[in-house]
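Protein chains: 2
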Amino acid sequence: MEELILFIQSIIDLDSEETYSIQKLFKPKSLKKGDFFLAEGQVSKHIGFLVKGVMRYYINHDGEDKTYEFAQENEFIGNYESFLPKAPSVKNIQALEDSEIFQISYEDLQLFYRSVRQGERFGRIVIEAVFIKTLKGLSSLYTGTPELRYEEFIKKHPDLQQRISQYHIASYVGVKPQSLSRIRKRIFNQK
Amino acid sequence: MEELILFIQSIIDLDSEETYSIQKLFKPKSLKKGDFFLAEGQVSKHIGFLVKGVMRYYINHDGEDKTYEFAQENEFIGNYESFLPKAPSVKNIQALEDSEIFQISYEDLQLFYRSVRQGERFGRIVIEAVFIKTLKGLSSLYTGTPELRYEEFIKKHPDLQQRISQYHIASYVGVKPQSLSRIRKRIFNQK
Numbered sequence: 001m002e003e004l005i006l007f008i009q010s011i012i013d014l015d016s017e018e019t020y021s022i023q024k025l026f027k028p029k030s031l032k033k034g035d036f037f038l039a040e041g042q043v044s045k046h047i048g049f050l051v052k053g054v055m056r057y058y059i060n061h062d063g064e065d066k067t068y069e070f071a072q073e074n075e076f077i078g079n080y081e082s083f084l085p086k087a088p089s090v091k092n093i094q095a096l097e098d099s100e101i102f103q104i105s106y107e108d109l110q111l112f113y114r115s116v117r118q119g120e121r122f123g124r125i126v127i128e129a130v131f132i133k134t135l136k137g138l139s140s141l142y143t144g145t146p147e148l149r150y151e152e153f154i155k156k157h158p159d160l161q162q163r164i165s166q167y168h169i170a171s172y173v174g175v176k177p178q179s180l181s182r183i184r185k186r187i188f189n190q191k
Numbered sequence: 192m193e194e195l196i197l198f199i200q201s202i203i204d205l206d207s208e209e210t211y212s213i214q215k216l217f218k219p220k221s222l223k224k225g226d227f228f229l230a231e232g233q234v235s236k237h238i239g240f241l242v243k244g245v246m247r248y249y250i251n252h253d254g255e256d257k258t259y260e261f262a263q264e265n266e267f268i269g270n271y272e273s274f275l276p277k278a279p280s281v282k283n284i285q286a287l288e289d290s291e292i293f294q295i296s297y298e299d300l301q302l303f304y305r306s307v308r309q310g311e312r313f314g315r316i317v318i319e320a321v322f323i324k325t326l327k328g329l330s331s332l333y334t335g336t337p338e339l340r341y342e343e344f345i346k347k348h349p350d351l352q353q354r355i356s357q358y359h360i361a362s363y364v365g366v367k368p369q370s371l372s373r374i375r376k377r378i379f380n381q382k
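Protein chains in written order, with the working numbering: chain A, 1 to 191; chain B, 192 to 382.
One or more of the hints may lead you astray.
[What the hints assert, rightly or not] Covered, in the sense of this in silico footprint (three residues per stretch, anywhere, with C-beta under 8 Å from a C-beta of chain B), are these stretches of chain A:
1. 75-89
2. 112-124
3. 177-190
Think of the hints as simulated: they come from the structure by calculation, not from any bench.
Cβ coordinates follow ideal geometry from the N, Cα and C atoms, glycine included.
Please construct the entire structure, taking both the sequences and the accompanying hints into account.
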């Protein structure tokens, strides 16, 4: 839980009482590789802080997976579009490795906002960052070329190339796995 | 300015000192029909509260306007993707009528967060609502059929049909203006 407290303290001040209450509001959760933190059709009940592991976010479009985001250690994960209005999710969040998460429920998050002095500030700043990341991810998904998306992937997640499968990288880039090496070659030849 | 104060008070409590300071932080701004609140390439410097008028949000895709959202009275307008990281906007926000706005700068918004007791809470709740609205608008833009988008438009903005041009409705629905009546007929025949 130390990582989560340090992360929160990098944004707001916490006294020891607040630290203690945060440790009770967030509950540990383990996911096996392939498990879902949130699956299409479910109502999202938690926001998670990823301590260990990798998640991919994807949408199912006519039977085809479109991966639009990855998350890794020390990031918040969740789908506010489902979590806030308590609506069924159209998005999937899946563990690509065995993962460790601390998660908070909707009700406990309201308690966090009320009981931590700068809790609202923390919530505002986190949601701003998630908003920007999500919008960038989605607009790149719909308008970016495969070459651009491959370059973005390398830049944003330099270590993930070794951790996740070619299949999932290709799903993010928007091509078949067998086309990835062609794209790598094209980018390499331009440099 | 009364509308803005009432809107804020519908979400948080304000005392008279806070009300007074908010009246100084937000500045009036008028736009003529066709003017831009934010144009592609500009860095967004303000978030606005629309008191009178209609805005459309659009992206220019290879020379074609794609309208993905409208805003009308008593809504906040702006592009957080440009405003927060101080990055050039890829989106346009244009007045479709002569409009009256109260706008706040980035620096004054930080002052608002610090000086209004529940300012952070207000900011968190507004950005949550904008986040959800933007995501819904964009995902419908990229995946919704014209029929679905026309129905959404009618539902979300029942009064805008009379206020804005067929051209802008068609741009939102994603068809040429001359195809709108065909879509209306198809929806009508299904009912």
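Hints versus structure:
1. For a cut-off of 8 Å, the count of residues in the segment 75-89 of chain A with a CB near a CB of chain B stands at 4, and the three-residue condition holds.
2. Residues of the segment 112-124 of chain A lying with their CB closer than 8 Å to a CB of chain B number 6, which satisfies the three-residue condition for coverage.
3. For the segment 177-190 of chain A, the assignment as covered by chain B is violated, since 0 residues bring a beta-carbon within under 8 Å of that chain's beta-carbons and 3 are needed.
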